[in-house]
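Novice: One-letter residues, chain by chain:
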Amino acid sequence: MGLYLWEICYNMFMIYLDHAAATPVSRKVLQAMEPYFTQDFFNPSAAYLPAKKVAAEYEAAKNTIAHAIGAKGTDIVITAGATEANNLAFTAVTQHNHGKGEVLYLETEHDSVRAVAQQHDGRAIKVLPSGLINLEDLKAKITDDTTLISVSLANNELGTIQPLAEIGSLVREIRVDRLKRGIKIPIYLHSDASQALNLLDINVARLGVDMLTLNAAKIYGPKGVGALYVAHDVKLSPLTMGGGQEKGLRAGTENVPGVIGFATAIKEAKEHLNGNRKKYKSFKQILLSELQGYELINKKHTLDNFVVLCYNGIDAERLIYLLEEKEIYVATGAACAASKGQKSHVLTAIGLSDTEIAGSLRLTLGETNTEEQIHEAAQIINEVVATERERING
Amino acid sequence: MAKTVFVGMSGGVDSSVSALLLKEQGYKVTGIYMKNWSKDLPGMKCPWAEDLADAKRVAVKLGIDFEVWDFEDAYREKVVEYMLEEFRKGNTPNPDVMCNQEIKFKLFYEEAIKRGADYIATGHYARVIDGKLARAVDENKDQTYFLYRISDGALAHTLFPIGEMLKPEVKKLAEERGLHNAYKKESMGVCFVGEVGMKDFLKEYIDIKPGEIREIESEKVLGYHEGAVFYTIGQRHGLYLNGVAGEINDGLPYYVVAKDLDKNIVYVSKNLNDEHIWTDELELKNVVLRAQPMTSLSRSGARPAGLSPQAAGATARFAKLRTPLRQDSDVAHKDILVRLRHRAPLIPAKIIFKEADAAILEFENKIKRPASGQSAVIYDGEICLGGGIIA
Numbered sequence: 000m001g002l003y004l005w006e007i008c009y010n011m012f013m014i015y016l017d018h019a020a021a022t023p024v025s026r027k028v029l030q031a032m033e034p035y036f037t038q039d040f041f042n043p044s045a046a047y048l049p050a051k052k053v054a055a056e057y058e059a060a061k062n063t064i065a066h067a068i069g070a071k072g073t074d075i076v077i078t079a080g081a082t083e084a085n086n087l088a089f090t091a092v093t094q095h096n097h098g099k100g101e102v103l104y105l106e107t108e109h110d111s112v113r114a115v116a117q118q119h120d121g122r123a124i125k126v127l128p129s130g131l132i133n134l135e136d137l138k139a140k141i142t143d144d145t146t147l148i149s150v151s152l153a154n155n156e157l158g159t160i161q162p163l164a165e166i167g168s169l170v171r172e173i174r175v176d177r178l179k180r181g182i183k184i185p186i187y188l189h190s191d192a193s194q195a196l197n198l199l200d201i202n203v204a205r206l207g208v209d210m211l212t213l214n215a216a217k218i219y220g221p222k223g224v225g226a227l228y229v230a231h232d233v234k235l236s237p238l239t240m241g242g243g244q245e246k247g248l249r250a251g252t253e254n255v256p257g258v259i260g261f262a263t264a265i266k267e268a269k270e271h272l273n274g275n276r277k278k279y280k281s282f283k284q285i286l287l288s289e290l291q292g293y294e295l296i297n298k299k300h301t302l303d304n305f306v307v308l309c310y311n312g313i314d315a316e317r318l319i320y321l322l323e324e325k326e327i328y329v330a331t332g333a334a335c336a337a338s339k340g341q342k343s344h345v346l347t348a349i350g351l352s353d354t355e356i357a358g359s360l361r362l363t364l365g366e367t368n369t370e371e372q373i374h375e376a377a378q379i380i381n382e383v384v385a386t387e388r389e390r391i392n393g
Numbered sequence: 000m001a002k003t004v005f006v007g008m009s010g011g012v013d014s015s016v017s018a019l020l021l022k023e024q025g026y027k028v029t030g031i032y033m034k035n036w037s038k039d040l041p042g043m044k045c046p047w048a049e050d051l052a053d054a055k056r057v058a059v060k061l062g063i064d065f066e067v068w069d070f071e072d073a074y075r076e077k078v079v080e081y082m083l084e085e086f087r088k089g090n091t092p093n094p095d096v097m098c099n100q101e102i103k104f105k106l107f108y109e110e111a112i113k114r115g116a117d118y119i120a121t122g123h124y125a126r127v128i129d130g131k132l133a134r135a136v137d138e139n140k141d142q143t144y145f146l147y148r149i150s151d152g153a154l155a156h157t158l159f160p161i162g163e164m165l166k167p168e169v170k171k172l173a174e175e176r177g178l179h180n181a182y183k184k185e186s187m188g189v190c191f192v193g194e195v196g197m198k199d200f201l202k203e204y205i206d207i208k209p210g211e212i213r214e215i216e217s218e219k220v221l222g223y224h225e226g227a228v229f230y231t232i233g234q235r236h237g238l239y240l241n242g243v244a245g246e247i248n249d250g251l252p253y254y255v256v257a258k259d260l261d262k263n264i265v266y267v268s269k270n271l272n273d274e275h276i277w278t279d280e281l282e283l284k285n286v287v288l289r290a291q292p293m294t295s296l297s298r299s300g301a302r303p304a305g306l307s308p309q310a311a312g313a314t315a316r317f318a319k320l321r322t323p324l325r326q327d328s329d330v331a332h333k334d335i336l337v338r339l340r341h342r343a344p345l346i347p348a349k350i351i352f353k354e355a356d357a358a359i360l361e362f363e364n365k366i367k368r369p370a371s372g373q374s375a376v377i378y379d380g381e382i383c384l385g386g387g388i389i390a
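Listed in order, the protein sequences are those of chains A and B. Position 70 of the first sequence, counting from 1, maps to 69 under numbering that gives the first Met the number 0, and the rest follow consecutively. Position 103 of the second sequence, counting from 1, maps to 102 under numbering that gives the first Met the number 0, and the rest follow consecutively.
Isolated chain A, as found in the complex:
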C-alpha cells in the first residue's frame, strides 16, 4: 500500500511536535468515514431500511466509543467536540440542588472548563508545584453544597496525570457521609480526558468519575466530534433544543461520519496504546538526552508524549518562529501572542517565574513522528537555541 501525499508530507517535510494541539486524521479513520458522506448519507431518523441501517451503525459506533472507557453506548452523549461536552457536564449544577450547588475546579483546567466553572462562581482547587492536585485544598473546599468537581485526567499544557481514582473515592466517601447525615444534595465528579484518551487505559468505574469528556480530534479522529460519558443518576439540561437526539441533550441530526470516525480512532488508539507509549517513552528519552541547556518542567506523573522544557533567559515564542522556518512545529504556554498575550495560567499555577514561563516550550509526540525525526529535531532545536543565545549576548 502506497503512502498518501499528506502522509509523505508529514513524514518527510515537517517535524510535527504539537500533537496535543491537533492530530491528523488517520488513514483508517478517513476510510471508515468516507462512505457515510456519500452512499450511506441517510438521516438515521428516517423510516426506510437504508436509514435504519445507518442508525444501527451509528449506535454500534457509540457502543465502541463507550466500551473503550468501560461504559455502555447509552451512557454516551455525542457532542460537537470536547468544549461542548465540558459545557454540557456543567448543566448538572443547574439540574440539581435547585441550581444552588457549588462548583470546584482545578486551577489548571482548560479554558473550556474554567470559563463555564467561573460562570457558576466555581472556586479553583490549587495544584502543587508538581502540577498535581492539592488534595488537602480540595478537601478543605468541599462543603455540603458542593455539587460538581471538575478535574481533568491529564493537563493540556503539562501532561500531568491527576490521581482521579483517589479523588473518585474521596467523592464516594462524601456521598456516603451525606446519606448518613440525611443530606440529599448529590456530588458529582467530572473529568476532561481529551488529552489522555490514547495514552492511558481509561475505565470510568476505576476512575470513579460520573462524567467524562472525550475528544476525537486529539486521537487521530475528526475535529468537531466529542462525547460526554454520563452516569445514570446525573441529570443534565440540553445545550440545543430540537428533535430530541442524544437523549434530548444535544438535538440536531447525528454526525454519522464523525461518530464512525471517532469509533475507528478510539479502536485504533486502544490497539496501539502500549506500543505507542513505549515508543513515546523512548523518544522522550532521546529528546531529554540530546537537547541542551534546558530545565525539565513536567518531571513526573505525566503523559508519555509530553515534554515541557524551560530555556531560561530565552523567549520561547521566538523559538517557535525560528523552528517554524525549519518546518518544526512546537508550542509554548508562555505569554505568547497566540494565547492572547496572557501568560499561561497553568505555568503560573505551578509556581514558575515570569522568565521561566517565557522560556518554556511544549513538545508533544505522536504517530507522525519517527526516531530519525526526533534526533533531527533535537539537533535543530539545539542550533536554534544557540543562535538565539548568541543574538541576546551579542
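Incorrect hints may appear among the rest.
Here are the simulated SDA-like pairs of lysine to any residue, each with C-alpha atoms no more than 25 angstroms apart in a straight line [stated by the list, open to error]:
1) B:Lys34 to A:Glu389
2) A:Lys234 to A:Ser111
3) A:Lys325 to B:Ala48
4) A:Lys325 to B:Pro252
5) B:Lys2 to A:Glu389
6) B:Lys269 to B:Arg235
7) A:Lys325 to B:Arg176
8) B:Lys60 to A:Gln378
9) A:Lys246 to A:Gly69
10) B:Lys22 to A:Glu389
11) A:Lys342 to B:Met43
12) A:Lys266 to A:Arg26
13) B:Lys44 to A:Tyr320
14) B:Lys171 to A:Tyr320
15) A:Lys342 to B:Trp36
16) B:Lys60 to A:Glu387
17) B:Lys113 to A:Ile391
18) B:Lys60 to A:Asn311
19) B:Lys44 to A:Gln117
20) B:Lys38 to A:Glu387
21) A:Lys283 to A:Glu323
22) B:Lys44 to A:Ala20
23) A:Lys325 to B:Lys34
24) B:Lys27 to A:Glu387
25) B:Lys60 to A:Tyr320
26) B:Lys269 to B:Pro252
FYI, nobody ran anything at the bench for these hints, they're computed from the structure.
Starting from the known structure of chain A, fit chain B onto it as the hints suggest.
Specialist: For chain B alone, kept in the frame of chain A given last:
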C-alpha cells in the same frame, strides 16, 4: 557605533518592511508592538493578538529584539475618550490624528528616547526633508494627513523608512524577503473599530436617543434616526425615511445637511446645492504650524518650465510660498495647498490667521463641506506646514 532605532511594528507589511530596511541599513533595531486596544466588540474579535504575532514573527525573522509596550490606558484616555467626547458634541473627530499626536509620537517617542534610542521609526508613508515633514513619494499612500500634529521635536528623531517607496515596491520587497505578511489584508479605518464600523462602536459607548429626521426646507418629519451623533453632514446613507413615501420616492437621495443636537433632530435635503453642503471657506481651530521650510524665493528651484499648472500631483510638489506663514497677523497667505481628507486631492487655498490658533481657509471654488471635527492639513509644495480642526 550603530545608531539605535525603536520601530513601531503593527504586524502589517509597511512597518515590517520599515524594520527590514532599518536592519539592512545597519541600525541597531528593536521592534515595538504598541498595544493600544485589545477589547473585543460584540460581533468582532479585536485582532490585536494576531497582529502582535505577525509583528513578532517578522522581528524574529529579522533577528531583532522585540517588545510589547502597553499604552492601553493612555490610548483610552487620550484617543478614545477624546473621540467619544467629540462625537457627543456632534463633531466627526479623527482618532488617528490624535493617536499619532498623543501616543506614537509622544509616549512611544519619549519612552524610546528614555530607553536610549537615537531614533524612532514607523511604517508611515511620509518623509522628513531638512527636518520638515513632507509628503511621501507615493502620493496615493501619503499619510501626512494623520501626522500634521506631531511635534517637531519628535520628528527630528523620526525615520520613515518607506517614505521614498511606492506601495507596490514595499509589497514586492516583503515578498522577496519572505515576509509572511506581504499579502496581509490592509487594515482600513480606525484599528479598534475594525470591521464593525464606527456606528456600532459608538453604540457601545454613547447612549442612543432616537429622534426625528426632518426635511430642512419644509421642516416636515420624514422619518426617525437612532441618534443624531451617528450622522455626518453630507452623508447620504442610512436614513430611514419612511412614512411619506410618495414624496421621497422620486429616486433622488437625501443628504444630511444639518443636525440640531439639543433637539436631537437630523435635517436632510434633496437639494445637492444646499448651502449647508457647500462652502468656499472653512473656519479652523486648534491650528498648529510646523517648522517652516525656506520660502520659494530663497530656494533656487521653483516649478520647472513646461510643467502644466493643472497637473496638480506634479506642481504640488514645488514650494510656492513667498513668505513664511505667520500666525499673529491678519495677512492672507495665498498659494497654500489643503487636504481635507486622507488621500483627497490637494486644493489650492488662501489662509488668513485670526488668532494664533484660529484661521480661515478660503477656496476659489466651492468645496463640499467636510464634517466639523475633521482636519484640514496645509502644505507648501510637498512640505506639510501644519493644519487645524474644522470648526
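Novice: Take the hints in turn and mark each one as holding or not.
Specialist: Each hint, compared with the structure:
no. : hint                 : in the structure
1   : B:Lys34 to A:Glu389  : violated, 28 angstroms
2   : A:Lys234 to A:Ser111 : holds, 20 angstroms
3   : A:Lys325 to B:Ala48  : holds, 24 angstroms
4   : A:Lys325 to B:Pro252 : violated, 58 angstroms
5   : B:Lys2 to A:Glu389   : holds, 20 angstroms
6   : B:Lys269 to B:Arg235 : holds, 10 angstroms
7   : A:Lys325 to B:Arg176 : holds, 16 angstroms
8   : B:Lys60 to A:Gln378  : holds, 20 angstroms
9   : A:Lys246 to A:Gly69  : holds, 20 angstroms
10  : B:Lys22 to A:Glu389  : holds, 17 angstroms
11  : A:Lys342 to B:Met43  : holds, 23 angstroms
12  : A:Lys266 to A:Arg26  : holds, 13 angstroms
13  : B:Lys44 to A:Tyr320  : holds, 24 angstroms
14  : B:Lys171 to A:Tyr320 : holds, 22 angstroms
15  : A:Lys342 to B:Trp36  : holds, 18 angstroms
16  : B:Lys60 to A:Glu387  : holds, 11 angstroms
17  : B:Lys113 to A:Ile391 : holds, 21 angstroms
18  : B:Lys60 to A:Asn311  : holds, 21 angstroms
19  : B:Lys44 to A:Gln117  : holds, 21 angstroms
20  : B:Lys38 to A:Glu387  : violated, 33 angstroms
21  : A:Lys283 to A:Glu323 : holds, 21 angstroms
22  : B:Lys44 to A:Ala20   : holds, 22 angstroms
23  : A:Lys325 to B:Lys34  : violated, 29 angstroms
24  : B:Lys27 to A:Glu387  : holds, 16 angstroms
25  : B:Lys60 to A:Tyr320  : holds, 8 angstroms
26  : B:Lys269 to B:Pro252 : holds, 6 angstroms
The structure fails to meet hints 1, 4, 20, 23 from the earlier list, while all remaining hints are met.
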